[in-house]
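Chains A and B, in that order, are what the protein sequence lines are.
The first sequence lines up with residues 1 to 204 when you count with the UniProt record's numbering.
The second sequence lines up with residues 1 to 780 when you count with the UniProt record's numbering.
Derived from the structure by calculation, the hints contain no laboratory data.
C-beta atoms are modelled at their ideal positions from N, C-alpha and C, and glycine is treated no differently.
Treat each hint with caution, since some may be false.
[Unchecked claim] Below are the BS3-like pairs computed for lysine-lysine, each with C-alpha atoms no more than 30 Å apart in a straight line:
| id | chain 1 | residue 1 | chain 2 | residue 2 |
| --- | --- | --- | --- | --- |
| 1 | A | Lys40 | B | Lys151 |
| 2 | A | Lys135 | B | Lys495 |
| 3 | B | Lys451 | A | Lys176 |
| 4 | B | Lys451 | B | Lys121 |
| 5 | B | Lys495 | A | Lys187 |
| 6 | A | Lys42 | B | Lys523 |
| 7 | B | Lys523 | A | Lys10 |
[As the list claims (entries may be wrong)] Just a sample of chain B residues kept apart from chain A, beta carbon distances all over 12 Å, derived:
| id | residue |
| --- | --- |
| 8 | His67 |
| 9 | Gln123 |
| 10 | Glu263 |
| 11 | Gly267 |
| 12 | Ala379 |
| 13 | Val382 |
| 14 | Thr385 |
| 15 | Ala493 |
[To be verified] Not the full set, but computed from the structure, chain B residues with beta-carbon under 10 Å of chain A:
| id | residue |
| --- | --- |
| 16 | His503 |
| 17 | Met504 |
| 18 | His650 |
| 19 | Tyr652 |
| 20 | Val676 |
| 21 | Phe680 |
| 22 | Arg687 |
| 23 | Ser690 |
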Amino acid sequence: MGSTNSTLSKIPNVEELMQETGFTPAHIVRLYDRFEALDKEKTGHLRPQDFGAINRLAMNPIGDRIIGAFFSPGQETVDFHSFVRILAHFRPADKKRPKDPSMPEPVNSRTSKLKYPPLVFSLISVAFQLYDQDKDGKISRAELLQVLRSMLEMQVTEEQLESIADRTIQEADLDKDDAISFEEFRKSLEKVNIDHKMSIRFLR
Amino acid sequence: MACRTCLWLLGTTFFTCTVRLVVEGTEVGATQGSQPEPGVVGSNHSQAGGGHGSSISGIQIVTFKWHHVEAPYLIALWILVAGVSKMVVELNHSLTSVIPESALLILIGWILGGIIYGADKMQTFTLTPTVFFFYLLPQVILDAGYFMPNKLFFSNMGAILVYAVIGTCWNAATVGLGLWGCWLGGAMGDIDIGLLQFLLFGSLIAAVDPVAVIAVFEEVHVNEVLFIMVFGESLLNDGVTVVLFNVFDAFVSLGGAEIDAVEIIKGIISFFVVAFGGSLVGIIFALLISLLTRCTKNIQIIEPGFIFILGYLSYLTAEMLSLSAILSIVFCGICCQKYINANMDERSVTTVRYVMKVFANGSETIIFVFLGISAIDPAVWVWNTGFILLTLLFIFVFRFIGVFLLTWILNKYRLVPLEFIDQVVMSYGGLRGAVAYGLVAMLDENKFKEKNLMVSTTLIVVYFTVMLQGITMKPLVTWLKVKRAAVTELTLAEKIQNRTFDHMLVAIEDISGQIGHNYMRDKWHNFEERWLCWFLMKPSARKSRDYIFNIFHQLNLKDAMSYVKEGERRGSLAFVRNETKADVDFNKKFRASFSEIMPDIMADNMGPDHVPLSSILQDIVPSVCLVMHEQDLTMRESEDFNAHHLLQQHLYRGRKQHRHRYSRSHLETNRDENEVQEIFQRTMRSRLESFKSAKMGVAPAKKIQTKHQKKDKPQKMPNGNSSDKSKNHPYGDKGTCSLLFTSLLHYMKWLTITTSPSSPIKGPPTSCGMHNNTVPLKGD
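Given the sequences, and given the hints that come with them, work out the whole structure.
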């Protein structure tokens with residue numbers, strides 16, 4: 001990678017990006033190479049079908065949802081900055097990251113410049129977004145059913161599925177409104193060591 | 001049952017000994033010699049047996065012609081004994097999960113050796129270097145090469161080479177010099193040995209042994225990267241071992257005075273020649289095999305035979321040219337995998353794979369049994385406490401130091417660093433085995449006065465590593481792993497979240513790309529696609545190599561096309577009423593068109609640059625990942641129990657939990673493939689549904705699909721209801737639309753270009769495929 005500097009100079013606002021996300025220049029260059037490799041038609045933006053071209057994603061039960069997480073509602077394309085910002089969530093824990101995921105991250109300090117609401121950028125809210133497709137702030141029973149359906153094998157029947165969904169909501173739903181709000185979601189993940197799971201080592 | 005097999009085993013051995021005893025007893029002037037090979041002593045007994053009966057008058061109705069069949073009979077008998085030993089060992093599964101099979105086989109070897117020694121008063125059957133190196137080792141290594149996961153191997157090649165070359169040299173040097181130093185210090189008493197001999201001994205004891213490594217790692221499930229490191233190292237270090245052995249052997253013959261800079265430089269050059277020459281020989285033979293299988297369409301029944309013969313020839317050719325034979329046969333296996341699997345008929349491929357495993361397993365069993373038997377020979381044993389204990393200490397300690405040092409250096413350059421646990425397992429897993437014993441047995445007694453001491457030490461080292469380290473490996477790994485894993489009782493929600501996070505992690509890694517786009521790798525892929533595949537593969541095999549994704553994509557498009565055409569023909573309203581007509585039965589379509597196009601694309605050993613389903617199941621996370629069973633369910637109410645149980649059984653496993661792919665005794669596991677296939681179909685189906693609904697304003701089914709409801713049941717609705725659409729499209733309705741629509745456009749363009757249905761069909765170019773290969777559509 002001898003051309004780090006030349007690649008970096010191709011990216012606009014790269015200093016700001018690095019500061020916001022905490023990636024090193026080497027990371028940014030790698031991600032840029034990847035972005036360019038995905039962007040086959042060299043438009044500078046990624047569209048859903050560019051993601052769709054990644055074979056391995058088709059083998060992932062929630063692959064399509066993850067792709068959706070890159071595109072905020074109404075947006076049809078992702079540019080490099082948004083691409084990097086979203087990936088910044090999955091960096092391993094370091095001193096910069098707050099222990100409490102509901103506290104705003106450094107990224108959020110600039111939310112005024114971005115169109116996204118503050119919560120979106122924390123790791124748990126990315127996960128929440130995956131479930132909550134209609135963006136009403138709650139995971140309804142139907143949405144939970146959909147996710148469960150995609151993650152369980154075909155042999156599981158309708159009734160079994162519904163019973164699992166019912167019990168899950170029962171366990172997590174504290175205010176008994178038959179839906180899981182963001183707070184309840186967060187609480188249910190207290191025991192799961194997210195940071196340990198979510199650290200993608202190669203981004204170190 | 002157990003008693004019977006034990007009795008049978010003992011009986012067979014007794015039979016062997018007594019027969020020999022009787023026969024030898026009747027011969028005048030028994031010429032036993034030093035270490036007669038099992039069964040290959042026929043030289044002075046050959047056809048003499050026939051002569052005994054000729055001096056008698058009259059016809060002999062039945063004669064006992066032992067000498068006539070002695071050699072092959074003994075060989076066959078010993079193979080049988082080894083096989084029965086393996087059967088005895090595998091009788092008790094709880095035993096084999098604690099003590100690795102190799103250790104138990106050595107144990108049985110001791111027992112058998114004892115019996116033979118008791119019967120013959122000398123060890124008539126031992127593991128001789130000739131038999132070992134020519135008849136037992138090649139198939140083990142060929143098996144390793146043929147089943148090698150190429151992509152993993154080559155992507156970690158740098159690290160593997162560092163460990164194999166530098167690590168082995170380090171081990172050899174430190175052990176040799178350490179022992180020499182201790183000898184000078186007087187720790188070993190008075191033995192007739194010198195610096196060069198110590199170095200030679202160091203070089204042959206330093207090498208990690210492929211046979212032993214596989215045998216032990218079979219029981220301990222470690223992650224792929226770690227496994228390939230140790231395994232790759234054990235295979236590639238032969239280049240170094242051969243060179244060091246020959247060089248020091250030559251030095252000992254020359255005497256210390258003759259060694260100067262020239263000789264040392266020659267030694268270094270010989271390393272490169274041996275290593276690269278050996279690999280080259282292997283690659284040449286791989287080319288030969290691939291070319292041959294290209295032409296064997298009419299003799300499919302003996303196709304498998306060519307693989308074995310040519311593999312063996314590559315080994316012998318390298319040996320003949322004094323190059324590294326192991327490297328040769330390894331590279332032969334590695335390079336030819338992909339082409340022969342594509343060229344040969346499916347049944348031939350299965351045959352080759354199965355027979356390869358049979359030979360490898362059989363050889364391994366025989367090797368370990370004879371390693372045990374060879375020990376029961378007092379003529380060979382010389383005990384020197386200092387020498388033996390120091391050797392054990394040095395190889396253990398210096399291995400640890402070497403691995404940690406090298407890893408520290410390597411981690412600076414690796415994308416995915418090796419963790420502490422990995423390093424511990426790698427150091428601890430540096431087992432020595434039969435190769436070291438074979439080499440030491442080849443030493444010339446006249447040059448090496450202390451040969452027996454070295455043989456004894458080697459045997460003890462082998463037993464120590466294989467048995468002790470083998471037995472303690474699994475508990476060690478479990479202990480290390482348990483310290484990291486938090487085993488807690490999880491609620492349903494947590495279990496689901498856990499799995500969701502796993503999938504999410506895997507998806508993000510895929511999106512961001514684990515391996516950056518490498519100029520050299522891309523060049524190689526292009527070269528390989530254009531030239532090598534053209535040269536080495538049958539034309540029909542070439543056509544069917546395409547990605548599943550592409551093919552499936554074509555099927556997708558065809559259905560989408562027919563759907564659209566159908567709608568346009570009938571007018572949209574009529575079409576809405578009859579949606580089920582253009583419905584797609586994915587299972588049927590997938591299997592039918594698919595299975596005839598690519599019979600063995602599901603096979604595990606497709607080459608490095610293809611992405612068949614099963615090769616995607618790679619675990620890239622470099623932590624020691626034991627397949628630990630999920631927490632046992634505590635008994636709650638029955639509902640709860642059911643739900644947890646369902647989750648445990650039926651949640652799709654993320655890629656992290658798929659095991660490493662090389663195994664001595666098992667061919668592929670099927671579960672992973674079914675799972676991936678299912679997920680793939682569903683993703684494709686949901687994309688198609690979204691497209692359908694986006695295009696025609698038909699909202700997709702509200703009900704969740706289960707296995708029993710294959711058909712889609714979209715409810716009737718007016719056209720263009722946008723609020724419905726947004727609910728179910730993963731990435732926006734326009735996004736989904738454009739995803740399939742643009743491909744559809746290309747397809748339609750292609751349709752108009754092709755003038756007649758009988759023109760040679762090349763598939764439409766795809767904007768979504770991984771590369772723009774043209775694809776013939778069958779049955780179009």
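Hint by hint, here is what the structure shows:
no., hint, verdict
1, A:Lys40 <-> B:Lys151, "holds, 25 Å"
2, A:Lys135 <-> B:Lys495, "holds, 23 Å"
3, B:Lys451 <-> A:Lys176, "violated, 81 Å"
4, B:Lys451 <-> B:Lys121, "holds, 22 Å"
5, B:Lys495 <-> A:Lys187, "holds, 14 Å"
6, A:Lys42 <-> B:Lys523, "holds, 21 Å"
7, B:Lys523 <-> A:Lys10, "holds, 25 Å"
8, His67, "holds, 63 Å"
9, Gln123, "holds, 53 Å"
10, Glu263, "holds, 40 Å"
11, Gly267, "holds, 35 Å"
12, Ala379, "holds, 55 Å"
13, Val382, "holds, 50 Å"
14, Thr385, "holds, 46 Å"
15, Ala493, "violated, 4 Å"
16, His503, "holds, 5 Å"
17, Met504, "holds, 6 Å"
18, His650, "holds, 4 Å"
19, Tyr652, "holds, 5 Å"
20, Val676, "holds, 5 Å"
21, Phe680, "holds, 5 Å"
22, Arg687, "holds, 7 Å"
23, Ser690, "holds, 9 Å"
In the structure shown, a violation is registered for the earlier hints numbered 3, 15, in ascending order.
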